[in-house]
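The whole structure should be built from the sequences, with the hints applied where relevant.
As you go down the protein sequences, you meet chains A and B in turn.
For the first sequence, this note's numbering begins at 1 and goes up steadily by one.
For the second sequence, this note's numbering begins at 1 and goes up steadily by one.
Worth double-checking, as some hints may not be accurate.
Stated by the list, open to error - One side of the interface only, derived from the structure: several residues of chain A facing chain B at Cβ under 8 Å:
1. Thr51
2. Phe53
3. Leu54
4. Arg64
5. Ile68
6. Trp71
7. Pro73
8. Tyr74
9. Thr82
10. Arg83
11. Ala92
12. Leu94
13. Leu105
14. Glu106
15. Thr154
16. Arg155
Just so you know, the hints here were simulated from the structure itself, not pulled from any lab data.
Where is the CB? At the ideal position from N, CA and C, for every residue including glycine.
For reference, the chains in residue letters:
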Amino acid sequence: MNPLLSVHEVSKQFGGLTAVRRVSFAVEEGEMVGIIGPNGAGKTTLFHLITGFLKPSEGDIRFRGRSIAGWKPYRISRLGITRTFQIVKPFAHLNVLQNVTVAALERSATLREATRVAEEVLEVVGLAGYRDHAAVDLPIGLKKKLELAKALATRPALLFLDEVMGGLTPGEVRDMIEVLKQVRERGVTLCMIEHVLKPIFELCPRTLVLQQGELIADGPTEEVMRRAEVVEAYLGEAISDA
Amino acid sequence: MKEEKGALSKSASAVPRRGLGWIVLAAVLIALPFLLQNEIYYLDVLIFFLLWAAMAGAWNLAGGYGGLLSLGHALFFGVGAYTSSLLFVKLHISPWIGMLAGAVAAAILGAFIGVLTLRLKGPFFGLATIAFSEVFMIIAINWKDLTQGSQGINIPYTPGLANMVFDSKIPYYFIALALCALPYFTAKWLERSKFGYRLIAVRGGEAAAQALGINTVAVKVTILVISSALTAMAGTLYAQYIAIIEPLHEFSFALSVQMVLMSMIGGTGTASGPVFGALVVTFLNTVLRDVLEGAQGGLQAVVYGALLVLVVLFIPEGVIPWAKRQWRRLAGRVAS
Ligand SMILES: Nc1ncnc2c1ncn2[C@@H]1O[C@H](COP(=O)(O)OP(=O)(O)OP(=O)(O)O)[C@@H](O)[C@H]1O
Ligand SMILES: [Mg+2]
Chain A
1 MNPLLSVHEV SKQFGGLTAV RRVSFAVEEG EMVGIIGPNG AGKTTLFHLI
51 TGFLKPSEGD IRFRGRSIAG WKPYRISRLG ITRTFQIVKP FAHLNVLQNV
101 TVAALERSAT LREATRVAEE VLEVVGLAGY RDHAAVDLPI GLKKKLELAK
151 ALATRPALLF LDEVMGGLTP GEVRDMIEVL KQVRERGVTL CMIEHVLKPI
201 FELCPRTLVL QQGELIADGP TEEVMRRAEV VEAYLGEAIS DA
Chain B
1 MKEEKGALSK SASAVPRRGL GWIVLAAVLI ALPFLLQNEI YYLDVLIFFL
51 LWAAMAGAWN LAGGYGGLLS LGHALFFGVG AYTSSLLFVK LHISPWIGML
101 AGAVAAAILG AFIGVLTLRL KGPFFGLATI AFSEVFMIIA INWKDLTQGS
151 QGINIPYTPG LANMVFDSKI PYYFIALALC ALPYFTAKWL ERSKFGYRLI
201 AVRGGEAAAQ ALGINTVAVK VTILVISSAL TAMAGTLYAQ YIAIIEPLHE
251 FSFALSVQMV LMSMIGGTGT ASGPVFGALV VTFLNTVLRD VLEGAQGGLQ
301 AVVYGALLVL VVLFIPEGVI PWAKRQWRRL AGRVAS
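See below:
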């Protein structure tokens, strides 16, 4: 059987800079994969490549065996791959419920149905109490939850989270970890970029490490974290962050 | 944190009162032209108000709800005016059919410009609409055999329903009212439809919308097509009402700016904003014309400019959204 996602020898150049260099890995249905690496390692760029916001310079990306390299983001999203943005992007002019409703539109027959899906998702992430608030006025912790809620409302098979823990207080991080556990139980496959390592340890049995665009480690999280080059790549980074 | 009623929501309890309001408004709008029957001057002002509101409302669908800042919407207005007028004068085709033909022509043109430029980031769309209206103006001036150049086209005075020419102003009033209602109710529909949610999302953040499966280019082209068609219909009525069209006005940048200005004063991305903006501009026009006896066009531009600067500085969201917020705050204070 084909893996859910397979990334094969993918590279991305920006002018002279190679942001992602010949990266290959596969993700199986139901996995939770952590992605770590220092600033500028190419993590976000890798997400952009998989979700269609950038076209790979080389290599192939397959979802359930079908090549999606170079597809438009909206088509990839409709196929079942969604992502959150490192810099959260709530829709101005819309309140929290409406923001999530937009996300549910493509898989709903009517606006009413989309609104119902949105209400359910708000319940799951714990934002139900804020449904009528202006999305742009939420504090960062809640904006991150909203970002997650929007991604979930598309009912994805595979979800890419770009630093959803970034800027959260330790309490909020714990809260978010619980939400993500529920998401996993709903059968969503997850890949998450994090600088904070605690959620990776708690949620992801497997971790990938990127450094200067290259995949330098891929394996069981505990093992990967012990490897010398990872510690090196992370020195001064994670330790100062943690 | 403040509660967001947002671009899209309604509370259910306000519905019966609102229904009554609509009935009263409809009665007033129907009675008004008959009350003003002998006040031709005011009826004329009223018709222009409705026409500007129709035009601004059509612009607002793309420019406000869709965030597509077109500075060349006169293009579609002119295409509407010229299509129906040429069909009427040259081929004796009823302006009613001409109006639809003009709408279709403008829609095709809008689709063409949209497909060409709305995929691109940056100012290409806004520039393209300006460029196209300039090109059409030049064509209309120079293709003298067809358009009589800058002299313009006269609509012959042959009253009759089929000709959309009347000896009373009242029929024009009702056509203008209908054309004003069209973008208004389209805007209302946007606020409660899947398409409208997509559109408002695209305006709020294109990348985020794409990540959620929205074909943002298709959404933008669609609203531009609708907006172009409705703008063209206003162009046809304008031609029929004043009975002469001139390329230097119909395709002019000033006309394009007027649509933007009226929407911004009232509030872009709201259904009633452009109507209110048209009311303000019509009022100012009338007052200025009385005061200055039509003397200096330049001074009018200065007054409009000053007005816009004031609105942008003090109530950047436009008067209608601002007033609604003040009203809600006041109501909240009374309730608590
Ligand atoms: N659109 C772009 N054009 C040019 N260079 C880019 C572009 N996007 C990213 N880069 C560069 O590519 C490299 C990888 O950036 P990327 O954002 O993927 O890193 P990251 O691992 O997500 O970092 P962080 O942890 O800070 O979010 C960086 O050197 C960045 O400056
Ligand atoms: Mg990043």
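Checked hints:
1. Thr51: holds, 7 Å
2. Phe53: holds, 7 Å
3. Leu54: violated, 11 Å
4. Arg64: At about 17 Å, which exceeds the 8 Å cut-off, the nearest Cβ of chain B leaves the hint on Arg64(A) violated.
5. Ile68: violated, 14 Å
6. Trp71: Cβ of Trp71(A) sits 11 Å from chain B, so the hint is violated.
7. Pro73: Holds: closest Cβ of chain B sits about 4 Å from Pro73(A), inside 8 Å.
8. Tyr74: holds, 5 Å
9. Thr82: At about 6 Å, which falls below the 8 Å cut-off, the nearest Cβ of chain B leaves the hint on Thr82(A) intact, so it holds.
10. Arg83: Hint holds; Arg83(A) Cβ to chain B Cβ min 6 Å, cut 8 Å.
11. Ala92: Holds, because the Cβ-Cβ distance from Ala92(A) to chain B comes to roughly 4 Å (cut-off 8 Å).
12. Leu94: holds, 6 Å
13. Leu105: At about 5 Å, which falls below the 8 Å cut-off, the nearest Cβ of chain B leaves the hint on Leu105(A) intact, so it holds.
14. Glu106: holds, 4 Å
15. Thr154: It holds, given that the least Cβ distance between Thr154(A) and chain B is near 6 Å, below 8 Å.
16. Arg155: With Cβ-Cβ at 10 Å, over 8 Å, it is violated.
Going through the hint list in order, the structure does not satisfy hints 3, 4, 5, 6, 16.
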